[in-house]
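Student: Residue numbers (the working numbering), protein chains in the order written: chain A, 1 to 293; chain B, 1 to 293; chain C, 1 to 293; chain D, 1 to 293.
Careful, some of the hints might be misleading.
The list cannot tell twin chains apart, which means a pair is met if one copy fits it or any two copies do.
Derived pair list, reagent style DSS-like, types lysine-lysine, alpha-carbon separation capped at 30 Å [what the hints assert, rightly or not]:
hint: 1; residue 1: K146; residue 2: K192
hint: 2; residue 1: K154; residue 2: K192
hint: 3; residue 1: K282; residue 2: K192
hint: 4; residue 1: K101; residue 2: K251
No lab work stands behind these hints: they were computed from the structure.
The model shown is predicted, which means the values in this text are computed figures rather than measured ones.
Protein chains: 4
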Amino acid sequence: MKVAFLGLGAIGRPMAHRIARAGHQLTVWNRTGSRAADFARGSEIDVAPTAPEAVADADVVVTCLSTSADVEEVLNDGAFEALRQGSTLIDCTSGDPATSKRIAARLAAWNVAFIDAPVSGGVKGAEEGTLTVMCGGDADAIARVKPVIEAFGKKIVHCGPVGAGDAVKAMNQALLAITILGTSEALVALAKSGVSPQVALEVINASSGRSNASMNLFPERVLTRAFPRTFRLALLDKDARIAAQIARDEKVPAPLTQLAADLCSVAHMELGEEADHVEVVKMVERWGQAEVQ
Amino acid sequence: MKVAFLGLGAIGRPMAHRIARAGHQLTVWNRTGSRAADFARGSEIDVAPTAPEAVADADVVVTCLSTSADVEEVLNDGAFEALRQGSTLIDCTSGDPATSKRIAARLAAWNVAFIDAPVSGGVKGAEEGTLTVMCGGDADAIARVKPVIEAFGKKIVHCGPVGAGDAVKAMNQALLAITILGTSEALVALAKSGVSPQVALEVINASSGRSNASMNLFPERVLTRAFPRTFRLALLDKDARIAAQIARDEKVPAPLTQLAADLCSVAHMELGEEADHVEVVKMVERWGQAEVQ
Amino acid sequence: MKVAFLGLGAIGRPMAHRIARAGHQLTVWNRTGSRAADFARGSEIDVAPTAPEAVADADVVVTCLSTSADVEEVLNDGAFEALRQGSTLIDCTSGDPATSKRIAARLAAWNVAFIDAPVSGGVKGAEEGTLTVMCGGDADAIARVKPVIEAFGKKIVHCGPVGAGDAVKAMNQALLAITILGTSEALVALAKSGVSPQVALEVINASSGRSNASMNLFPERVLTRAFPRTFRLALLDKDARIAAQIARDEKVPAPLTQLAADLCSVAHMELGEEADHVEVVKMVERWGQAEVQ
Amino acid sequence: MKVAFLGLGAIGRPMAHRIARAGHQLTVWNRTGSRAADFARGSEIDVAPTAPEAVADADVVVTCLSTSADVEEVLNDGAFEALRQGSTLIDCTSGDPATSKRIAARLAAWNVAFIDAPVSGGVKGAEEGTLTVMCGGDADAIARVKPVIEAFGKKIVHCGPVGAGDAVKAMNQALLAITILGTSEALVALAKSGVSPQVALEVINASSGRSNASMNLFPERVLTRAFPRTFRLALLDKDARIAAQIARDEKVPAPLTQLAADLCSVAHMELGEEADHVEVVKMVERWGQAEVQ
Chain A
1 MKVAFLGLGA
11 IGRPMAHRIA
21 RAGHQLTVWN
31 RTGSRAADFA
41 RGSEIDVAPT
51 APEAVADADV
61 VVTCLSTSAD
71 VEEVLNDGAF
81 EALRQGSTLI
91 DCTSGDPATS
101 KRIAARLAAW
111 NVAFIDAPVS
121 GGVKGAEEGT
131 LTVMCGGDAD
141 AIARVKPVIE
151 AFGKKIVHCG
161 PVGAGDAVKA
171 MNQALLAITI
181 LGTSEALVAL
191 AKSGVSPQVA
201 LEVINASSGR
211 SNASMNLFPE
221 RVLTRAFPRT
231 FRLALLDKDA
241 RIAAQIARDE
251 KVPAPLTQLA
261 ADLCSVAHME
271 LGEEADHVEV
281 VKMVERWGQA
291 EVQ
Chain B
1 MKVAFLGLGA
11 IGRPMAHRIA
21 RAGHQLTVWN
31 RTGSRAADFA
41 RGSEIDVAPT
51 APEAVADADV
61 VVTCLSTSAD
71 VEEVLNDGAF
81 EALRQGSTLI
91 DCTSGDPATS
101 KRIAARLAAW
111 NVAFIDAPVS
121 GGVKGAEEGT
131 LTVMCGGDAD
141 AIARVKPVIE
151 AFGKKIVHCG
161 PVGAGDAVKA
171 MNQALLAITI
181 LGTSEALVAL
191 AKSGVSPQVA
201 LEVINASSGR
211 SNASMNLFPE
221 RVLTRAFPRT
231 FRLALLDKDA
241 RIAAQIARDE
251 KVPAPLTQLA
261 ADLCSVAHME
271 LGEEADHVEV
281 VKMVERWGQA
291 EVQ
Chain C
1 MKVAFLGLGA
11 IGRPMAHRIA
21 RAGHQLTVWN
31 RTGSRAADFA
41 RGSEIDVAPT
51 APEAVADADV
61 VVTCLSTSAD
71 VEEVLNDGAF
81 EALRQGSTLI
91 DCTSGDPATS
101 KRIAARLAAW
111 NVAFIDAPVS
121 GGVKGAEEGT
131 LTVMCGGDAD
141 AIARVKPVIE
151 AFGKKIVHCG
161 PVGAGDAVKA
171 MNQALLAITI
181 LGTSEALVAL
191 AKSGVSPQVA
201 LEVINASSGR
211 SNASMNLFPE
221 RVLTRAFPRT
231 FRLALLDKDA
241 RIAAQIARDE
251 KVPAPLTQLA
261 ADLCSVAHME
271 LGEEADHVEV
281 VKMVERWGQA
291 EVQ
Chain D
1 MKVAFLGLGA
11 IGRPMAHRIA
21 RAGHQLTVWN
31 RTGSRAADFA
41 RGSEIDVAPT
51 APEAVADADV
61 VVTCLSTSAD
71 VEEVLNDGAF
81 EALRQGSTLI
91 DCTSGDPATS
101 KRIAARLAAW
111 NVAFIDAPVS
121 GGVKGAEEGT
131 LTVMCGGDAD
141 AIARVKPVIE
151 AFGKKIVHCG
161 PVGAGDAVKA
171 MNQALLAITI
181 LGTSEALVAL
191 AKSGVSPQVA
201 LEVINASSGR
211 SNASMNLFPE
221 RVLTRAFPRT
231 FRLALLDKDA
241 RIAAQIARDE
251 KVPAPLTQLA
261 ADLCSVAHME
271 LGEEADHVEV
281 VKMVERWGQA
291 EVQ
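Pulled out of the complex, with its shape left as it was, chain A reads as follows (with noise of 0.2 Å):
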């Protein structure tokens, strides 16, 4: 298939490699056109000067942007009316599920499907094609576009309806804040009385309360004081509050969920544009005045 690729960020350029070698004729767009031309040199894959252009031909289109208002912007820039009718567009952006109905309802007008499809497995899992990708929207047009998403995901759920996809990633994402926030105020007490991190994670990690976070992120990262950035805060941050917007138009109750979500945009504040999620550990160290490692 024709399939065209915006968005070259560290998720994004592997996830489009693996487009190219899986066989699909391959065009790129990317804001900040440099980063594009690097991506596709010495290969066969095209660069387009525009997004309209890149997505003129295009049979399937991935987006792969930072937040679904970026996706509604570029689609107004131009995209959207030269997108070819009967296409696909698989927006891989971790999105909310609002704008996402938005857009859908839009491209339906025009004949185009949208499935909203999040992924999760981080970069390695995009160099690989191990991504989880959480499909969101009409089972026939993930059905078509499949030999795609199959090019860099594994697991290939498909959720519910258009937005499904945005909901269950803004969920699980919540659910790492929420953990890591979560082992970060127990270990930062259990140091401040004396118990060695290593040796309270050692202990969680063998009982109930163990998760992700503290069997994985806590000894690689944060014992470590390595802190590699993989993850931006701010794009937590941004997971966490989508979470909790799910959770207010839904009308459920959701406490731990609405205070992780202020507790991610204060470490946001913080600890900046460039911090990595799991630093947050850092503000609860600093509110509780002890370091866990």
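Given the structure of chain A, go ahead and fit chains B, C and D onto it with the hints provided.
Tutor: Just chains B, C and D now, with coordinates in the frame of chain A:
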């Protein structure tokens, strides 16, 4: 060694059995005496009519009660004076560090060592002798009584001075509460927005927001609506409040832990004394008017 | 001026009465038509069978409905096209800024001015014409329709552009929720510890923690157990959620506001549609198992 | 009566002055002795070099220290044994009920009455003798020492048994914290959305969300950016944590109180020991990136 075991509850019984089977000479006592008689029937285990008589000859006393206050009460009812000088009290209650420290100080003056040694692993772990035991106290004292602890524990971790075992256990339980509540909020909001909890869990458990709660408790107990009664919500409430207390005592702001403790207390009040800890999801379902199934 | 009044609820009726008595030519409409007929009986007030017919001739349209969504629905049901170009819509609904802005933009294209003008002061203030009116919109438009607003409002405050009136109203309501809930927590905990709520209020109301809630609502409505139904909890819930939404939209971490919104939603669900807003104290009493009386 | 006054802080000094002027024979002691000497210079007030010497002859001892722990420490440093049997200790510290009860029990065995009697009204109230005094303890004991309390207090309220005065004071302070924080959240969100805080306060203070914080503290101290240092945030933090502790001890879920206590602790850590309690708004401003002015 001569061992006295006080408190034959759901966890205490299999622990005491394993101690007897390991070859220690066992005397048991339980507040409701008939339970002790039933327990010992047809075995070589002695039943003491009172706690002071149970502990009088023991090298090692193991207590496994509901709260540290219960332990203090038993000691105040004559057991304190009856304890043999040079003996050791292993308190497997999920207790609170402040009370444990107070008990330890009193016992030290009497030349009795105190070890707080709460366990995790549930009834099954107790039966199989695979409990995790979190020890707080003097390293030499722990070493001396290790043959008794090894009768029921597989992973035996020295967490720090007296109270450290209680503290680690409480924080693990708070994390258990946080992950059950957080996962409940996520799945109720998703269910209300039309996403199947089963599908959502499939994705979350392949992603970064997963926890013991999402990987084990929700698939086995919530989706199935089985809600087996393995650990009472009343006890999770107590444990989460101990964790909240530790954070306050250490002057560590821990807003998620505090909120989770209050939510457990509300659920405990709403769902009653006999509810299982996982049933806390029912409170969130009621609040959000959607079911996780 | 020719005025159309849509929405004859508990507050709307006395407001409309005052507009008629101030000499304006009034046409009213209400979804339940019998209420409009009862209202107008024996007076010179006209009753319109439909909203479009009510607004067709009006210089000024006043809406006083439950939510901004209700206003939008009435407009979508034909009233929009029926509005006279050059007329002004004064929306006294306790609305949300986002919807008000959307409505205003649509009306502007139709050359109809929009003012969001939620009120405070209750039924009594409406009857006496002493309401506080929080206006959002163009200063000139507000000046033009001031004779209508002055019929029911005493303190008329221009808060800013469209949506500003809604925003101030919502934040006032969130503070109302926070002070009722906070005072409830304080008095329930004190009652349980043996301090009379009456004595506690006497002290607090002479001290720094006092609020409208502690000074007026608790002595008059809670201690007496009178709980008159003057303003529904369902509406406080809605208002607090609007406030929480504004904080999220503005990216302002507001953890107390978010938590109070969720607690209002829980109370609304538990206490039902007809409960008064002050009855929220009953939820805290139930949770804490002590009464404020 | 012979009165000993221990603790010449900002509130203690004017209280002690009024006791002397009311005709009581006064001996003072302060940990930093020079402050006591400065205080007494040129008057008939005696200065004692140690606390035990100060209390030895007194019919009534008044303590006005930072925390109950400070009171306990002074008693443990020799003052306890020096107290005259039949004398009364009036503790004007904003203390915690648990410690007050422990002190009272020890003093009772020594035939010394204990009254917890924290005050509100600030330095100005102390100078003018118009403090509100919240008394916990035996009614007869309070009656006996009323001439001393009346020297500085105008509204003297018997709240209940020992600890009740502390409890009421702590809950008042928690409500102060909640109203300052809540009003901060509202005004920061409104400021960021373009509404002037002055206009917002004008409306709120004519509406149902008003409180002492919105009516007095914000107009006088925040809008003006004056932030006079009248009561340290460090003390509000301590008081709010006492309130949170009372709720936990009474098993009353009090999520707003718990959250406010944590937010005060965070603000205390961020803004330092010398910050005034109203400066807590600066934390919310920083988080929300907008100023209330």
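Student: Next step is simple, just say for each hint if it's right about the structure.
Tutor: Status of each hint after checking the structure:
Taking CA atoms no more than 30 Å apart as the test, K146 paired with K192 passes between copies only; the shortest distance there is 28 Å, against 51 Å inside one copy. In this homomeric assembly, K154 and K192 come within 30 Å of each other (Cα to Cα) only across copies, at 28 Å, whereas the closest approach inside a single copy is 43 Å. Both within a single protomer and between protomers do K282 and K192 lie at most 30 Å apart by alpha-carbon distance, with minima of 14 Å and 27 Å respectively. In this homomeric assembly, K101 and K251 come within 30 Å of each other (Cα to Cα) both inside a single copy, at 18 Å, and across copies, at 23 Å.
Going through the hint list in order, the structure satisfies each hint without exception.
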